[in-house]
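These protein sequences, in sequence, are chains A and B. 94 is the number that my numbering gives to position 94 of the first sequence; each next residue is one higher, with no gaps. Throughout, my numbering is defined as the position within the second sequence, counted from one, plus 106.
Worth flagging that the hints you see were computed from the coordinates, not collected in a lab. Incorrect hints may appear among the rest.
The calculated EDC-like cross-link candidates involving lysine to aspartate or glutamate, where the alpha carbons are at most 16 Å apart (straight line), are [unchecked claim]: (1) Lys42(A) x Asp212(B); (2) Lys45(A) x Asp212(B); (3) Lys170(B) x Asp1(A); (4) Lys39(A) x Asp1(A); (5) Lys39(A) x Glu105(A); (6) Lys42(A) x Glu81(A); (7) Lys187(B) x Asp212(B); (8) Lys39(A) x Glu81(A); (9) Lys119(B) x Asp195(B).
This one's a predicted model, so the numbers in the text were calculated from it and none came from an experiment.
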Amino acid sequence: DIQMTQSPSSLSASVGDRVIITCRTRQSISTYLNWYQQKPGKAPKLLIYGASSLQSGVPSRFSGSGSGTDFTLTISSLQPEDFATYYCQQSYSTPNTFGQGTKLEI
Amino acid sequence: QVQLQESGPGLVKPSETLSLTCTVSRVSISSYYWSWIRQPPGKGLEWIGYIYYSGSANYNPSLKSRVTISLDTSKSQISLKLSSVTAADTAVYYCARSDSGLGNFDYWGQGTLVTVSS
């Protein structure tokens, strides 16, 4: 299995801040990396696919970058509704695996 | 808008079989991959497996000996069976859609909590 390591595990930030979340793998996964946002009691929501493509309907303040083993999710200016847990997921090889999550708190 | 709805017992006894159904609406079940993903309370996400509309399935090796995913195209339903459950199988179970076996999950059900307890 491909292990996904996210950092930090939790992050405190304020509205308007720029936030960067990192996801790393031990082996190259090209750009087969996706990002999800999950709010309490809700299903995850796809934000970014293919490392950098914005899912339809997702605000442009979200962006993704990276390839190989190092990836980032950037939120350019935090909004109140962005406080949630974020997960990365690799779709390079089966089984699909997820990072452990990054909880973004006020 | 694609809709996925999980249903099934919320309580299962240890050693028994967990059975859930995901009903898909507003989209054809054909040409997509349908996965089950679970999340233990307060923990991260674990992919269980997928089934393609053709009937071919792929499972997480960690659960493969206990999992069966099947499809009823006439009812637009995907089923999950997980045998010999223990407390470690307590989780919210989600069904989700992807357009490939190794893809992103663009639509999810709301999830259903299954507790394993006597």
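Consistency of the hints with the structure:
1. Note on lysine 42(A) and aspartate 212(B): the hinted pairing holds, with a Cα-Cα distance of about 14 Å set against a maximum of 16 Å.
2. The suggested pairing of lysine 45(A) with aspartate 212(B) holds, with an alpha-carbon distance near 7 Å, which does not exceed 16 Å.
3. A distance of roughly 14 Å separates the Cα atoms of lysine 170(B) and aspartate 1(A); the hinted pair therefore holds under the 16 Å criterion.
4. Under the criterion of a C-alpha separation no larger than 16 Å, the hint pairing lysine 39(A) with aspartate 1(A) is inconsistent with the structure, at around 27 Å.
5. For the proposed pair lysine 39(A) and glutamate 105(A), the alpha carbon gap of about 11 Å is at most 16 Å, so the pair holds.
6. For the proposed pair lysine 42(A) and glutamate 81(A), the alpha carbon gap of about 13 Å is at most 16 Å, so the pair holds.
7. A C-alpha spacing of about 23 Å is found between lysine 187(B) and aspartate 212(B), which places the hinted pair above 16 Å, so the restraint is violated.
8. Distance restraint check for lysine 39(A) and glutamate 81(A): the Cα-Cα separation of roughly 9 Å lies within the 16 Å cut-off, and the hinted pair is therefore satisfied.
9. Using a Cα cut-off of 16 Å, the hinted pair lysine 119(B) and aspartate 195(B) holds, with the two alpha carbons roughly 11 Å apart.
Taken one by one, the earlier hints fail for this structure at numbers 4 and 7, listed in ascending order.
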